[in-house]
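We have chain L already, so just place chain P on it with the hints.
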Amino acid sequence: MKPKVAFFDFTGCEGCQLNKLNFENELLDLLAHVDLVEFREAMDETSDEYDITFVEGSISSPSCVERIHDIRRRSKILVALGACAVNGGINAMKNIQPIEQVRETVYGQDKYRFATLPAMPISAIVAVDYEVRGCPMSQPDFLQLFKALVMGKTPPTYNYAVCVECKLEENECLLTKGQICLGPVTRAGCQAICPGVGQACIGCRGFVEGMNREAMVEILTEKGLSVDEAVKRLQLFNAYEVAV
Amino acid sequence: MKKNLDINVHHITRVEGHGNIVVNMRDGVLEKAHLNIVEPPRFFEAMLKGRSFTEAAIITSRICGICSLGHQITSLKTTEAALGLEVSEQTVLLRKLLVNGATIQSNILHAYFLAVPDFLDAPSVFPLIATHKDVVLRALRMKRLANDIGDIVSGRAVHPITPVPGGFTRIPTRDELLLLKDKLLNEGLPDCAATVETMKALAGAIPQFERETEYISLTHPEEYALYGGAACSSDGGTFPVEDYLSVTNEFVVAHSTSKHARHKREAYMVGALARWNNNYKHLNESALAGAETLGLKPKCYNPYMNTVAQVVEVVHCMEDSVRIIDELLGCGLKAEKPNQTPTRYGRGIGSTEVPRGILFHDYTYDNHGRIVAANCVIPTGQNLANVDADMQKLVPEIVDKTKPEITQHLEMLVRAYDPCISCSVHILDVDFKDA
Numbered sequence: 001m002k003p004k005v006a007f008f009d010f011t012g013c014e015g016c017q018l019n020k021l022n023f024e025n026e027l028l029d030l031l032a033h034v035d036l037v038e039f040r041e042a043m044d045e046t047s048d049e050y051d052i053t054f055v056e057g058s059i060s061s062p063s064c065v066e067r068i069h070d071i072r073r074r075s076k077i078l079v080a081l082g083a084c085a086v087n088g089g090i091n092a093m094k095n096i097q098p099i100e101q102v103r104e105t106v107y108g109q110d111k112y113r114f115a116t117l118p119a120m121p122i123s124a125i126v127a128v129d130y131e132v133r134g135c136p137m138s139q140p141d142f143l144q145l146f147k148a149l150v151m152g153k154t155p156p157t158y159n160y161a162v163c164v165e166c167k168l169e170e171n172e173c174l175l176t177k178g179q180i181c182l183g184p185v186t187r188a189g190c191q192a193i194c195p196g197v198g199q200a201c202i203g204c205r206g207f208v209e210g211m212n213r214e215a216m217v218e219i220l221t222e223k224g225l226s227v228d229e230a231v232k233r234l235q236l237f238n239a240y241e242v243a244v
Numbered sequence: 001m002k003k004n005l006d007i008n009v010h011h012i013t014r015v016e017g018h019g020n021i022v023v024n025m026r027d028g029v030l031e032k033a034h035l036n037i038v039e040p041p042r043f044f045e046a047m048l049k050g051r052s053f054t055e056a057a058i059i060t061s062r063i064c065g066i067c068s069l070g071h072q073i074t075s076l077k078t079t080e081a082a083l084g085l086e087v088s089e090q091t092v093l094l095r096k097l098l099v100n101g102a103t104i105q106s107n108i109l110h111a112y113f114l115a116v117p118d119f120l121d122a123p124s125v126f127p128l129i130a131t132h133k134d135v136v137l138r139a140l141r142m143k144r145l146a147n148d149i150g151d152i153v154s155g156r157a158v159h160p161i162t163p164v165p166g167g168f169t170r171i172p173t174r175d176e177l178l179l180l181k182d183k184l185l186n187e188g189l190p191d192c193a194a195t196v197e198t199m200k201a202l203a204g205a206i207p208q209f210e211r212e213t214e215y216i217s218l219t220h221p222e223e224y225a226l227y228g229g230a231a232c233s234s235d236g237g238t239f240p241v242e243d244y245l246s247v248t249n250e251f252v253v254a255h256s257t258s259k260h261a262r263h264k265r266e267a268y269m270v271g272a273l274a275r276w277n278n279n280y281k282h283l284n285e286s287a288l289a290g291a292e293t294l295g296l297k298p299k300c301y302n303p304y305m306n307t308v309a310q311v312v313e314v315v316h317c318m319e320d321s322v323r324i325i326d327e328l329l330g331c332g333l334k335a336e337k338p339n340q341t342p343t344r345y346g347r348g349i350g351s352t353e354v355p356r357g358i359l360f361h362d363y364t365y366d367n368h369g370r371i372v373a374a375n376c377v378i379p380t381g382q383n384l385a386n387v388d389a390d391m392q393k394l395v396p397e398i399v400d401k402t403k404p405e406i407t408q409h410l411e412m413l414v415r416a417y418d419p420c421i422s423c424s425v426h427i428l429d430v431d432f433k434d435a
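Protein chains in written order, with my numbering: chain L, 1 to 244; chain P, 1 to 435.
Be aware that one or more of the hints could be misleading.
Each pair of labels, with its calculated beta carbon distance range [to be verified]:
#, chain 1, residue 1, chain 2, residue 2, range
1, L, P156, P, A335, 34 to 42 angstroms
2, L, K2, P, K403, 47 to 55 angstroms
3, L, E26, P, N186, 21 to 29 angstroms
4, L, R74, P, R26, 32 to 40 angstroms
Below, a list of computed lysine-lysine pairs in the DSSO-like style, where the Cα atoms sit at most 30 angstroms apart [claimed, not checked]:
#, chain 1, residue 1, chain 2, residue 2
5, L, K153, L, K167
6, L, K177, P, K393
7, L, K147, P, K133
8, P, K181, P, K334
9, P, K49, P, K337
10, P, K200, P, K401
11, P, K337, L, K223
12, P, K334, P, K3
13, L, K177, P, K337
14, L, K223, P, K49
15, P, K200, L, K223
16, L, K167, L, K147
17, P, K337, L, K167
18, L, K177, P, K334
19, L, K76, L, K153
20, P, K200, P, K183
21, P, K200, P, K299
22, P, K297, L, K167
23, P, K200, P, K403
24, L, K153, L, K4
25, L, K167, L, K223
26, L, K4, P, K133
27, P, K200, P, K49
28, P, K32, P, K3
29, P, K3, P, K401
30, P, K299, P, K401
31, P, K133, P, K183
32, L, K2, P, K133
33, P, K297, P, K393
One-sided and incomplete, this derived list gives chain P residues near chain L with beta-carbon spacing under 10 angstroms [claimed, not checked]:
#, residue
34, V22
35, F44
36, C64
37, C67
38, P123
39, N147
40, S233
Hint data in this document are derived by calculation from the structure and do not stem from the laboratory. Note that the structure is predicted; figures quoted are calculated from it, not measured. Glycine is no exception: its CB is placed at the ideal position from the N, C-alpha and C atoms.
Chain P on its own, in the form it takes in the complex:
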């Protein structure tokens, strides 16, 4: 049958920011399958111009409430690279603990609150309070614990306060870290095990769909790369993060206020699934066991499994946080002042794996420590071309389903990427008419 199909999901729900799904098929020929990004412009690069190095991270953390820690840490690393500021081993450990906390918080938020309702055919998490109260309470408890990491180590989980160029304005106390470790062991780890069981029970609702693509993430020879490393591609090759522009190759498309990106193919994927595919060997044993339980195998080409990869990372980060606290306490906490004496001025590039994928910041400072040029390349922007390519393969495969079913598959696909649209449109505005 030559099918006509028009789908227009205006402001897709349960994602961060504003996007529309548009699909048009005429006589069985797919004319259009896009995620349209309609978020208003942000202009962060313009805002950063002329700002002091002490203000850069305060400003860029406001690119996104969900990823504020990731932006902040990346911004600090970028400024430190540009100004030649060395940081201590303790600072690095505290930052890694923060990155773990932010990864747990964001992945839990997405898996339980935004994705699970689809698996249970519910319009949101709120009706599940009545039907699955223990699961909702567990999700809230895990989010609280992740936020406790942020509150204790950085002063506040959303838009953290104490991380500054060169270190921290306040170091957590031994007692605070011991309390945190106790919660991670007695609450966090059992909740992780229960989460894996819950996800296993729901995994049947994850659509079977595959599209092999290029996967890009940081990689590190000794650890599951979240805080730092070199950029790497599943198509081969690692690149110093300083060469990020040769990886991201951003370009403008008419249907999106966020730029798209491509590397060796038409599109590439970043995020938990890309990290899994490139770096699964460095996950701790609990996380690998969780992956096995959930049927997540190395080189997974089903983008819907990104949510499963996020759950596996939660297990990893929970256990890894205990290890970091042990290491911090083993070294003895030191009351350090942040090192804010520049040894050079110029350009710096920093990269972190934030929950949605690889993030790059790039600043150039003048001799007074003021920004003259800035660029931020955001994970969601890097994924957009890949989302479109997935949709273009997916729609013909499910065209015999009803329109509501097709729409639901498409919405679930977009949600699986856990897009962060406010982030992705940090600079661009196309004069786009709301459909």
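Chain L extracted, bound-state conformation:
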């Protein structure tokens, strides 16, 4: 029997879901191997149980917490898709400002009227079996994981830096050219797509385990940033992980 597959979204831009619809060449082949039972952005139907569930976006409100518990209970395998779901992504930047200040910036005098939670990755609330990193999630990475799961295999994981892939791609090093690049501490799996087109790595895939934060900050200060600016750059997609 084909596995029942579902997609859900929490707080985020839905760009990762869009990236799936962007598999124009592979989409029909992919769909032939699964039974797509729930995908609100594209279809009306719903289901009660899922073999493989893909979740996009961060947890950022009390109703999100309730919903993700419910989805987890009904899912055999749960995959976090994209930076917001895997490590809080860009949403977590609001966490590093005092919540009082964030509310005031947005609501002015109505600041006490609204409930909010710090932005969290899915794994902060429920168990996550696999993840596809990146903002947006990288398509080759997703395809590889999807194929592995459909075949009952364990998908690959990456715990080495973007610099490794960047060297393999034979790109010119942007750090040596003076750019503020987070390649040395960011997890690979993207084929160094940004440095490949002249843009420095912004850390959207999260950091390698045991990253040397002090050394990275030192490199960035050598490129002209203050320590505060260097930490802020590291926090761009990783504010949940990198405390001030």
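Chain P in isolation, oriented as in the chain L frame:
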């Protein structure tokens, strides 16, 4: 008959983001007809505070995956206005090509994948793979081509990489552009013609409903305004985009985590239909011919026709992209470095027509090039008051239909606006209980 009616569509499907439709009628009197926006808060303006001018577009492109290019381009124009960064003619042409690509991609996604299932009474595009495979394949091919524009010119179609303040980190090669032009001519344009025929065959399923409203869009004396221009209203008057606050007048309502907007009336409409009504004269001939085939006439007051206007724009953008590539190649591509040397610091305002309508960004920078204040006014937010006003006129007109039929009409109405709810709630959160 004095009718009682309660409709509650929880998390309407086939739209971007989370919204509910709520309608209550008691003894034939309409008490409530709203699109409730229940998307959690985003807080982008707060996130931007203290960020460098090189980071602003990286952050704001993440407001929305579907409109990432539109947010990015608007953000770059805003930063450039605030810091006095001049960009080259080549940069402007490449950006216009990107805006065309994003318009094709988003309009095709909406027309074929989100709206067409309604016209064929299907719950999604997926069953149509079996029944209308050639149409689905064509839709995928057109989306792929639009994404090719994004991939080639900006490094990646979703959350583009190479557009930065002052220019691009990489310029596409002549060969890449020639290949793209070849695809546009041999694949894109024939697919556009076929799309117009498909839409013509389905147009009978578009509900007949009219509500005249105010239409607001950019306008430009020489071109169909997408990349830039002045703001204009169908009720008369053009405004420099710097005066956007006097146009948008955002206000908070209890049933929506996104602010509403009004200008001269209770509500106004932005998006493809507003652009059509205000600027149809600047469309190229193929697009105007497509409009005629599809029965889209100037000053159209049927919001369901927004989807048709989107298809007409696809025809325009496809052909216009060929023209832009010719112009770029005619000038000779130059390897330019982005101009990132500020000549001033202060406030800048930028505006672009993104697929769902007119978008404004507004940043103020300190003397170190860091953002001290930011505001983004999103098309879907501007349309929400108009959606509610449409519903309030529509429900009494169709009240004799069955509840499922009324519900379907309302869902189709919301979808016709192609709302982008993640965008619209970039800042506000009302403590709203899910119905």
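Evaluated hints:
no.: 1; hint: P156(L) / A335(P): 34 to 42 angstroms; verdict: holds (37 angstroms)
no.: 2; hint: K2(L) / K403(P): 47 to 55 angstroms; verdict: violated (35 angstroms)
no.: 3; hint: E26(L) / N186(P): 21 to 29 angstroms; verdict: holds (22 angstroms)
no.: 4; hint: R74(L) / R26(P): 32 to 40 angstroms; verdict: holds (37 angstroms)
no.: 5; hint: K153(L) / K167(L); verdict: holds (29 angstroms)
no.: 6; hint: K177(L) / K393(P); verdict: violated (61 angstroms)
no.: 7; hint: K147(L) / K133(P); verdict: holds (24 angstroms)
no.: 8; hint: K181(P) / K334(P); verdict: holds (19 angstroms)
no.: 9; hint: K49(P) / K337(P); verdict: holds (27 angstroms)
no.: 10; hint: K200(P) / K401(P); verdict: holds (26 angstroms)
no.: 11; hint: K337(P) / K223(L); verdict: holds (19 angstroms)
no.: 12; hint: K334(P) / K3(P); verdict: violated (68 angstroms)
no.: 13; hint: K177(L) / K337(P); verdict: holds (14 angstroms)
no.: 14; hint: K223(L) / K49(P); verdict: holds (23 angstroms)
no.: 15; hint: K200(P) / K223(L); verdict: violated (58 angstroms)
no.: 16; hint: K167(L) / K147(L); verdict: holds (27 angstroms)
no.: 17; hint: K337(P) / K167(L); verdict: holds (23 angstroms)
no.: 18; hint: K177(L) / K334(P); verdict: holds (21 angstroms)
no.: 19; hint: K76(L) / K153(L); verdict: holds (15 angstroms)
no.: 20; hint: K200(P) / K183(P); verdict: holds (25 angstroms)
no.: 21; hint: K200(P) / K299(P); verdict: holds (19 angstroms)
no.: 22; hint: K297(P) / K167(L); verdict: violated (56 angstroms)
no.: 23; hint: K200(P) / K403(P); verdict: holds (28 angstroms)
no.: 24; hint: K153(L) / K4(L); verdict: holds (17 angstroms)
no.: 25; hint: K167(L) / K223(L); verdict: holds (21 angstroms)
no.: 26; hint: K4(L) / K133(P); verdict: holds (23 angstroms)
no.: 27; hint: K200(P) / K49(P); verdict: violated (48 angstroms)
no.: 28; hint: K32(P) / K3(P); verdict: holds (14 angstroms)
no.: 29; hint: K3(P) / K401(P); verdict: holds (11 angstroms)
no.: 30; hint: K299(P) / K401(P); verdict: holds (28 angstroms)
no.: 31; hint: K133(P) / K183(P); verdict: holds (21 angstroms)
no.: 32; hint: K2(L) / K133(P); verdict: holds (22 angstroms)
no.: 33; hint: K297(P) / K393(P); verdict: holds (22 angstroms)
no.: 34; hint: V22; verdict: violated (17 angstroms)
no.: 35; hint: F44; verdict: holds (9 angstroms)
no.: 36; hint: C64; verdict: holds (5 angstroms)
no.: 37; hint: C67; verdict: holds (9 angstroms)
no.: 38; hint: P123; verdict: holds (4 angstroms)
no.: 39; hint: N147; verdict: holds (6 angstroms)
no.: 40; hint: S233; verdict: violated (28 angstroms)
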